[in-house]
Amino acid sequence: MRLRVRFTKRGKVCYTGHRDVARIWERAIRRVGLPVVYTEGFSPRPKVSFGLALPTGYESDGEYLDISVHPGVSGVAGVFDGVGPTTGTQLEPAGLMTLLDEALPVGMDVQAIELNDDRGQSLQQAITTCSWRFEIRGFDVADATEAVAKLLSAHELPSTRIHKGKERSDDLRPAVRGLEVLGGGNDGAVMVADLAAKPRLVRPSELVPILAPGLEMAGAVRIHQWIETDGARREPVPFDATPAPHTELCAL
Amino acid sequence: MTLRSATDASPTDSLWSRIEPLLMRVQKPARYIGCELGSATPEHSAGKISWFIAYPDTYEVGLPNQGIQILCEILNEREDAVAERGYVPWTDMTAQMRSNRVPLFSLETHRAAASFDIIAFNLAAELVYTNVLEAVDLAGVPVRNEDRDETHPIVMAGGHAAYNPEPLADYVDVFVMGDGEEVVGDITMALRGWKAIGKPQYSREDVLRDLSKIQGVYVPSMYEVTYDGVDIIAVDPCHADVPEMVLKRTVADLGEWPYPKQQLVPLTEVVHDRLNVEVFRGCTRGCRFCQAGMITRPVRERPVDQVRTMIQDGLMRTGYDEVSLTSLSTADFSGIDQVVGDTVADPLNCGQVSISLPSLRVDAFTVGLAAQVSNARRSGLTFAPEAGTWRMRQVINKLIGDDDLFDAVESAYSQGWQRMKLYFLTGLPSEMDDDTTAIADLAKRCVEIGEQYTQKASVTLSLGGFVPKAHTPFQWFGQNDQSELSRKIELVRGAIGRNRRVQLKWHDSRASLIEGLASRGDRRIGRVIERVWRAGGVFQEWGEHFNLQLWTEAMEAEGLSLDWYVTRHRHQDEVLPWEHIHAGLHKDFLWQDWQDSIVGHGLEDCRWTPCYDCGACTEYGVEHIVASPVPPAGGSQGTGQDLTIGTSVPVMLSGRPASTGARA
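The listed protein sequences correspond, in order, to chains A and B.
For the first sequence, my numbering begins at 2 and goes up steadily by one.
For the second sequence, my numbering begins at 3 and goes up steadily by one.
Check before you lean on any hint, since a few could be wrong.
Derived CB-CB ranges, DEER-like [claimed, not checked]:
hint, chain 1, residue 1, chain 2, residue 2, range
1, B, H571, A, A54, 56 to 66 Å
2, A, A54, B, R572, 22 to 32 Å
3, B, Q29, A, V107, 15 to 25 Å
4, A, E168, B, N102, 24 to 34 Å
5, A, T161, B, R20, 48 to 58 Å
6, A, V107, B, A236, 26 to 36 Å
No wet-lab data here; the hints were simulated from the structure.
We treat Cβ as the ideally placed atom computed from N, Cα and C, and that holds for glycine.
Go ahead and model the full structure; you've got the sequences and the hints to work with.
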């Protein structure tokens, strides 16, 4: 069985890296006592798999993680068998959400858990697009609107970056699925972008030198991750608890 | 609008909104966020004495430090105190902070270090001294004691290296000697009056003088050093009510201090990233080169029940899958078999918890223990014979026979290990070239033993240049100069020859030279440290930052001789710079032990043999607390010791229940 967990990464905790987040989850899983499947070999680790890495310093309203758990004897999914307070009790997503939430640091909140049969694509394979909200420090809203229009009308957006010590060039234009200015923020212009995650994850920071040469990104949030099939898109685990998501963040 | 979440709504004193914009420009920003599991949420108030407790190195190195965690917890449990932690930002971050005028900050509430009443440093080693100045300066506090006034925090330091406080005497207002658990409370109470009465009426000097009367506290400005030419002839208190001799603090019973109760779990990777449980403090094996073993006497074991509780609770609370049983020689813990057995067998641990035993003893018993704690992974095992020949090991009082080592190594290879790591020192007193090359011979012999069991047998030799330390029998010994240490390292390298199964790693002899300077330096070295810091010499304990030239230039500028400080043998009547600091050991005892050393006389471990009055117990009214009156299997100090009189030792059996409640 597999638990697909949707969680946030907001506030100070956003400065931890992808590997840090993996370690934080491993410890949280042990603290809760989840009947997790361990990997084989010399140093067994809980069998978990993460979605697309979130760049360090970016916040997120929707991160995902798959946890392989043992199907249990006394319940739908299993029983807790670890060291935590839940040992011997039945595993059930609603209660589990609260427990995991308490075992995670401030800013990492569990939003939803789905139990499935461990088949289908991994998160890394499935996610095709991500939506981002980001701010460019010192960028005037009118200038931003103009720069966005110019960027969208371009046929090609050549970009170079350093990857594993080597300079790589590619065209960003096909990856920009949508881009618009939301308005003014604390430090500059706030915009949202839909950027492709395939063949590689394009980050909003890569658009900054094109939109506003010389300026710096003030903050960025991954607001959605999308799985696209036959023109329709959906989130790996929908989260509808807030009717108008992100309003608490986007007090424009 | 703001993009950052409301979770960071911070008190007005927080510098977070000014720190955060810098984080995207630096490496590893997670080391500046705090947020560790178990970290306190301190509430500052006018009536509380506030402590900023800092480790003078990076977050990754400093966070696991148990001393800082223990003291922060103890202080935060008090109603009259509040404590937060700080570390030295990496050079990219300090550059950002200086150009954006962001001062050194705490990690719990991101408050300015200078807004605390006390900035206290843990001095675990000597090469961090320039980082202390860097941190004080980054806090916006004058680096020299004489330039601080009533508006500035009191700068304090403690830890092992503080036992020779003199190199930092002009930069640190107050030093604390020995265990900190009790003395931080005494200091807090002494400062309450100062804070209540108000700073103008109660001068900084008054407060320092009050502090100087607390046992364990040393206020260098209350002492005057008299020189005759280059020689020190006296260190005297400036006032009649300031003690002539500063006595250390010793916690009599570790069982009364089950700290840390909330070991911090960082959100990012640090060194020693695991649960730590201190099983005992102090060591009486009497290795003559070992400062820690001399200054932390006597042995105080934690009750076995309490160790077990701390392991169980700690694992459950933190989610760690590894626990380290810490001490200066964990295989000597009376309850080691029991604790290891119980932890391995505990069904709650699901077989997923591993135990690490730092500082292994060289014997087969220890290998047995190691086999018990590592069910699957048998990558490497570490032993520290320290010297190549039996004669040399008698000189340093590390009484391990060659056969003890070979037995241990054979036992390890036969049980599935493939790699051994062996630690050695070179440049020891009376060391001849035969002693040095014997290190390589031992390593090669160990490989031969291993090859009987595995084709992959290999040995890593780690070779350090010996640096004599204050308050040890070798404090009078002239350290080998840099070229001599380098020559000896080459000698070992040559003796290994083409044996590919032996891999040699060695410490930079230039760094050993400067460590020697700072270890036995006096007040005049302070200006050298300041010059090196002003020239940009921070993080000197990091190979990539260490710069010998800065030190030699600073010594020259101050008209001081490296040889005089480092390689010169001291004579018996010489007044040592730390003469007025008492680490527990009588000077006569240390001198006698030094003389015994030269003629190769070993000295037994006093835990299981009658007292030889080194001073650590008798002077302080404390005793060893050992749960078992007989030494553990494998014996005490290897060989050559009559253990039949073991039961006649004045040992105290620790049969108390584990203390669980918070202290008043």
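Hint check:
1. H571(B) - A54(A): 56 to 66 Å: 59 Å, holds
2. A54(A) - R572(B): 22 to 32 Å: 58 Å, violated
3. Q29(B) - V107(A): 15 to 25 Å: 24 Å, holds
4. E168(A) - N102(B): 24 to 34 Å: Cβ of E168(A) to Cβ of N102(B): about 30 Å, so the range 24 to 34 Å holds.
5. T161(A) - R20(B): 48 to 58 Å: 33 Å, violated
6. V107(A) - A236(B): 26 to 36 Å: Once the Cβ atoms are compared, 56 Å apart, the range 26 to 36 Å for A236(B) and V107(A) is violated.
Violated hints, in rising order: 2, 5, 6; the structure is consistent with all others.
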